[in-house]
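Engineer: Chains as they are written, first to last, in our numbering: chain A, 17 to 467; chain B, 17 to 467; chain C, 17 to 467; chain D, 17 to 467.
One copy or two, it doesn't matter: identical chains are merged, so the pair holds either way.
With a straight-line cut-off of 20 Å between C-alpha atoms, the simulated EDC-like cross-links for lysine to aspartate or glutamate are:
| id | residue 1 | residue 2 |
| --- | --- | --- |
| 1 | K107 | E89 |
| 2 | K107 | D78 |
| 3 | K290 | E90 |
| 4 | K151 | D456 |
| 5 | K107 | E90 |
| 6 | K290 | E415 |
For the record, the hints were derived by calculation from the structure and aren't laboratory data.
All values reported here derive from a predicted model rather than from experimental measurement.
Chain by chain, the residues:
There are 4 protein chains.
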Amino acid sequence: MNVGLFDSFITRGWYDPEARRIWSDEGTLQAWLRVEAALARAQGTLGIIPREAAEVIARHTDIRGFDLARLTEEIAFAQHPFVPVLRQFEKLCGEPAAGYIHWGATTQNIFDTANALQMAQTHAMTLGALASTIKRFATLATEHRHTLQAGRTHGQHALPMTFGFKVAGWLDELARDRTRLEQRFPASFVVCMGGAIGTFAAMGERGPAVERLMAQELGLAPAGLPARSSYDRICDYVTALGLLAGTAERIAHDVVFLQRTEVGEVTEAFHLGKVGSSTMAQKRNPATALMLVSMARLMRSRVGLALECMVRMDEGDSSASNVNDVTLPEIALFAVGIAQTLGRLAAGLVVNPGAMDRNARLTNGLIVSEAVMMHLTESMGRHQAHHLLYEAAQCAITEGVPFLEVLREHLLARGQGLPAGLDQALAVERYTGESARLADEVVARVLRPPS
Amino acid sequence: MNVGLFDSFITRGWYDPEARRIWSDEGTLQAWLRVEAALARAQGTLGIIPREAAEVIARHTDIRGFDLARLTEEIAFAQHPFVPVLRQFEKLCGEPAAGYIHWGATTQNIFDTANALQMAQTHAMTLGALASTIKRFATLATEHRHTLQAGRTHGQHALPMTFGFKVAGWLDELARDRTRLEQRFPASFVVCMGGAIGTFAAMGERGPAVERLMAQELGLAPAGLPARSSYDRICDYVTALGLLAGTAERIAHDVVFLQRTEVGEVTEAFHLGKVGSSTMAQKRNPATALMLVSMARLMRSRVGLALECMVRMDEGDSSASNVNDVTLPEIALFAVGIAQTLGRLAAGLVVNPGAMDRNARLTNGLIVSEAVMMHLTESMGRHQAHHLLYEAAQCAITEGVPFLEVLREHLLARGQGLPAGLDQALAVERYTGESARLADEVVARVLRPPS
Amino acid sequence: MNVGLFDSFITRGWYDPEARRIWSDEGTLQAWLRVEAALARAQGTLGIIPREAAEVIARHTDIRGFDLARLTEEIAFAQHPFVPVLRQFEKLCGEPAAGYIHWGATTQNIFDTANALQMAQTHAMTLGALASTIKRFATLATEHRHTLQAGRTHGQHALPMTFGFKVAGWLDELARDRTRLEQRFPASFVVCMGGAIGTFAAMGERGPAVERLMAQELGLAPAGLPARSSYDRICDYVTALGLLAGTAERIAHDVVFLQRTEVGEVTEAFHLGKVGSSTMAQKRNPATALMLVSMARLMRSRVGLALECMVRMDEGDSSASNVNDVTLPEIALFAVGIAQTLGRLAAGLVVNPGAMDRNARLTNGLIVSEAVMMHLTESMGRHQAHHLLYEAAQCAITEGVPFLEVLREHLLARGQGLPAGLDQALAVERYTGESARLADEVVARVLRPPS
Amino acid sequence: MNVGLFDSFITRGWYDPEARRIWSDEGTLQAWLRVEAALARAQGTLGIIPREAAEVIARHTDIRGFDLARLTEEIAFAQHPFVPVLRQFEKLCGEPAAGYIHWGATTQNIFDTANALQMAQTHAMTLGALASTIKRFATLATEHRHTLQAGRTHGQHALPMTFGFKVAGWLDELARDRTRLEQRFPASFVVCMGGAIGTFAAMGERGPAVERLMAQELGLAPAGLPARSSYDRICDYVTALGLLAGTAERIAHDVVFLQRTEVGEVTEAFHLGKVGSSTMAQKRNPATALMLVSMARLMRSRVGLALECMVRMDEGDSSASNVNDVTLPEIALFAVGIAQTLGRLAAGLVVNPGAMDRNARLTNGLIVSEAVMMHLTESMGRHQAHHLLYEAAQCAITEGVPFLEVLREHLLARGQGLPAGLDQALAVERYTGESARLADEVVARVLRPPS
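For reference, chain A alone in the conformation it holds in the complex (with noise of 0.2 Å):
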């Protein structure tokens, strides 16, 4: 009986398998043994506790020990997430090593630690998909690079541009979105194992070591000041993918649109199977850059909740980490769904360049008004000539008449005739400025050299 986005039967498909894993019940469960395994195991070597207790705990820290039917019940019971894990902790593991488990820490420390461990696997596979993307782009930026299409601001055909220019908007971002996940990933996951309010008090002096042992068994830097009331490493990591997923949804609507049956200009990946609608038998939607857009949305409402909840009482406030702890696993999916969605999006694009040249020349000229402006401050100021194509492209809108010849008849009322090159100045194909240059610049920057 399922009930979440994650696990139902009409969503799961959009979300890894083996990302729902590493946080499934199990995938947590398993990650609090290990984090409990690693406490024992650097308590040990410190000599706070046994040496052969510390190796009975981290030998029975395999879920498959553990009832998770029962601890659901006694966890309602207790209204408390962790002891009753203990408790059957304690079973398997006999006395007397029992009672050397969790020795200093307290419940926060194992949930936030463990979470670390499964964030760095999913970041890993977030990274392994941006750089996916990230090379397909560069292809695409590169083959399009003189690919002519209609730049459009403001929902309108602005300037001529290429189609690789475009892509190279969309790659530059993106690279910037892995940089800042890469960065940011030691800082936010950390070790944090201070015990009851982040003091050391039931370890003392050797806490410190303790924190800094487990993190070099788990691959993770260690906290040094271990307050859980401070949630703005974390918070950090998690905007810097609430600005991947603004990247994600840009993109994905650059698509929808560029897929609009008037424009025709990419189309995602389609299979015989695909089916776009139960009635409507035609139907090819961009589904993935839709659902794309849709996981983005969800992204972003988990991170004003994670702005929110780094506003804790005290040492401890259980009314924000509840929130945080069924909302970083969200996160971590939300952040490998848009990472894999839009690689996959990227993967299937198909690029049309005949729409894009039919599209681009759509406007019979006015697309490069601003190339006759340029070419026409050789005879007047750069105002005057504004002033003087605003008129005449207003008027061969609302009249209907050719850019260029209501152009000729402005110059004339003027006394100017048409100038010389005034065809190229025209020419779409011509005005795409650094488009090219652009593409391959962005390309360079982007792909790494193997590592």
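Knowing the structure of chain A, use the given hints to seat chains B, C and D on it.
Structural biologist: Then chains B, C and D, alone, in the frame of chain A:
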């Protein structure tokens, strides 16, 4: 020296001057004084304070008697937003009336009741603008009840419809927005006069009567239980504005898309002198629609803030009420801004039925695949028809062959000929369903008899 | 392998099993089939499809006939959430009935109407829990109408009141929440059966009658204009839940504060076996109140999401409806969770009048400075009294001298003695104002006669 | 006639006048002109426009030459925020220089680069305020490294700690906030000069050089790829401000609680003349802390808005940039407001070690149940000790018997006496763990050598 968007020379023009006046410093101070006057008069009537004192107080409630510059400094020094006002007020009234000002009230009582008065004024402006827009949309829906247009889902042509039907969809939702605002206002903005914590302690038994009498004078309802920590009433109205913003944003997005260079089905009003770009003379941007989207987003962000600030400590909490006090004016101005801007957008909308017709026929019949499916059900089940048409349509798209042709082949392959009447099923203009009738119904429902 | 918070062994216990069942995969699929059955029956009755086909269809709408595992795979492959369901459904019904399934409907029609059915069920559960809570609060308000308690504003003691008055504040707001939910439900969740774009194209003239007939059978209202892009109706209900969340969060925060170690005025229910900490044996945390805050925050984040997703492209937009489809179950479960958790909190609340009384007297009379001020108005104006008391009170605080003593000195310095009756003004328990009467009034208003 | 919170006589005092000036209409217009001057100079240097024209242009960039009132009207008429500015600018420069203004640039280039200049100024103010606060907290942390205080989790006493440790927690997080802001600024606010769609079409090959030269002059970095639709850079800084807001809000909430009438452990600065209430003379509210919470909430609402507006159509989209243009000034002013208000709160904080000590001992030893547990592990396992202490502690609470006494009974029941040294374990002041050392470490880490 202005900072805010409602005052800035760049954006001020989008907001109604009268609405800005109502919520300006002057408007707010005046509203406070009006509430103090009503309080004094009610208490004079009930014999709680001397009737002459009440008259003196009420006579000195013109803001021209107050020194705003000095108030600014004194408020900053006192870190209290109202006591300095009382000091000046007392001087203006003189003894002994000065001793009866603000009798039994607390600052937040004055602020909340004054806000209710201000909101009543802008509420009326919002409703006025909505009324005009509803009328305009009703006209458009009726005029274009038969104007063929492509219906689109998920960014792709779906089925034909009429533009009147589309407008009816806008209209129906907008009419619900209006009803919500009308119904909620009276319970949302009330006279709240229970004193420091809402117990009427300083006025005693006659407190509730004071509240009721003031309510009568001010044209509002009394709070009943004047709990300062209950913000659900105002939030209820604010969320209704959030819904209005959603409606407006949706309509605006529709217009932006329909005005796209490639689509051209509608355009928002243009006048010579409206400029689209400092460099691209040809630009005719849907600036009004785009600004409407922006306003709706701004409003939505304030709705979240209002909801968050429902949570208030104990019997009063300035960490929340500070936020509401500065946000409510924004909400009021966005409300008027949204309603009026939507009104202008609607009023100036230019419809291009030619483009609508042309676009509706872009897919060579694929847009009516459902009609064909329903037609084929005479010779096979709906499900078989969908199967067959799915294959035919996808084939038509992939191979660029006309739908009818592929259809003939696919039917032939099943040993069937083209069924009689298929050409009618393929007539795009015949498959608009109940578009016109539904448009009529909605118009009839929302147009109210003059009252 | 569960990920979601409603399924997880850690948090599942906080959510009603029946509510989870209603919104589970099984519950959802069953609701879809119930809608298909109602559609077929209505169409059979109206002669749109053969009556026998309708019966066959309706007979095969038990989810036990469906293979959820296969559906999961097929849905992922088709990238369509419903067509695979139709395929299995068709096989179950066999020919010729299979050909009449889903006649004239579109997927979103089935989803939205099914959601309405599911929501009706959890709506009833939410209302049920609210009713109990309202009753419990009414009892508390009455019992403690005279129980002295410190009223607090901005985190500081303000005036005395009674605990019954405080509870009345909770009660009044909660009763408004209930009314809002009751009033909005019928217009928010409707039968929407207009087909692909809402024009009833495939059903023709009789489409609206089908919708009405289904509505009758399913106990819901018909949409009227079945526009898929209008989400304001549902959002209206969702925002009312956002207000309920705000109320619940406020009450929960009150309880958390009142249970503070230093305050101790109330405690939430405790039972042996409820654990506060894995390391601090003494902990009795207000776990229920803290979880309630968490749920309210989770709900609020979904309200913003719902509002954002009101904005939908054209006649249908899965980038928005995807979000709503996965968020509505969460919203429904949070609603029940909030209502029931608040119910449990209220039911188990232990009141400690002794601590309330002790705290109310903590400030040695400063808490009734307003009473003294009102008392002094007999010999000077309210403003002079405030001045004098401000100086006296601040002096009492700074120098740690009893208020009465400082007061005497300050009056003496003005040549006045302590006015008669000042001891009464300083009697904390006498200055609770209309606390008790207001508590009674609210209780009378919210307790409805049994219907 | 002011509406906005930064201008209003009620709230203006909370915001720095210099910061308000920077983001005022005048400040903004001046920043625009400064960018136009830099553009002209760079183009003069590179020979794109005549050097003399560049000089004339640069000479006429004083806002005193402009007529703001007329601009307001013209902007409203043109529905364009910048072209009217250009018109006045052209008149001021005269021919032929007028013809070379704004060469190859688009409005948004000027706006974004001007915003970067303005933000650099307020960024410095924010950092300055943070530096003072960090210093002040470092002093407090050191001074109170041994000052006993109750550590609290979930609203209940947990373990003892020191106030220095608490402040170290604030300090550590705040120092991370500072580092984030410092590190992100340069990449977040750049010179973006690629023209209408970012292709440098009107400037051609030399465009990137213009951008670099301007960057050098203005002390900023060049955009590289001047994509107008990429807003991730600015959002990255904005989210760091969101984290700062979270930190500030958390500290402020701590102060509000610690100043509670029942707690009294700290108080924020008070001066005679600071007023808490218009009716309750005794009130000393934590007005600064409460306002800080309010500012943080206002900031957080803008973070969500900024993230939402990362999603931009095509190569430019005013529906998003309109929002960012009006929200960035607010964000900047909230940033300075938060940093300065936190600074004032920190500077004026009065610590009451007596109250801290008294509160820490309120529970008669229950606060050190963990210490007792660790002590008992010598005779039994940690788990058995927790069991025993859970029973003893709950019994002590329920029956109101001193902890030590119940403990003795429970041990006796197990045939054990009170272990030696238990009185030391029960000494609250001995169980503060590494509080002092951690405070010292954090102080050492965040106090940087003067550079």
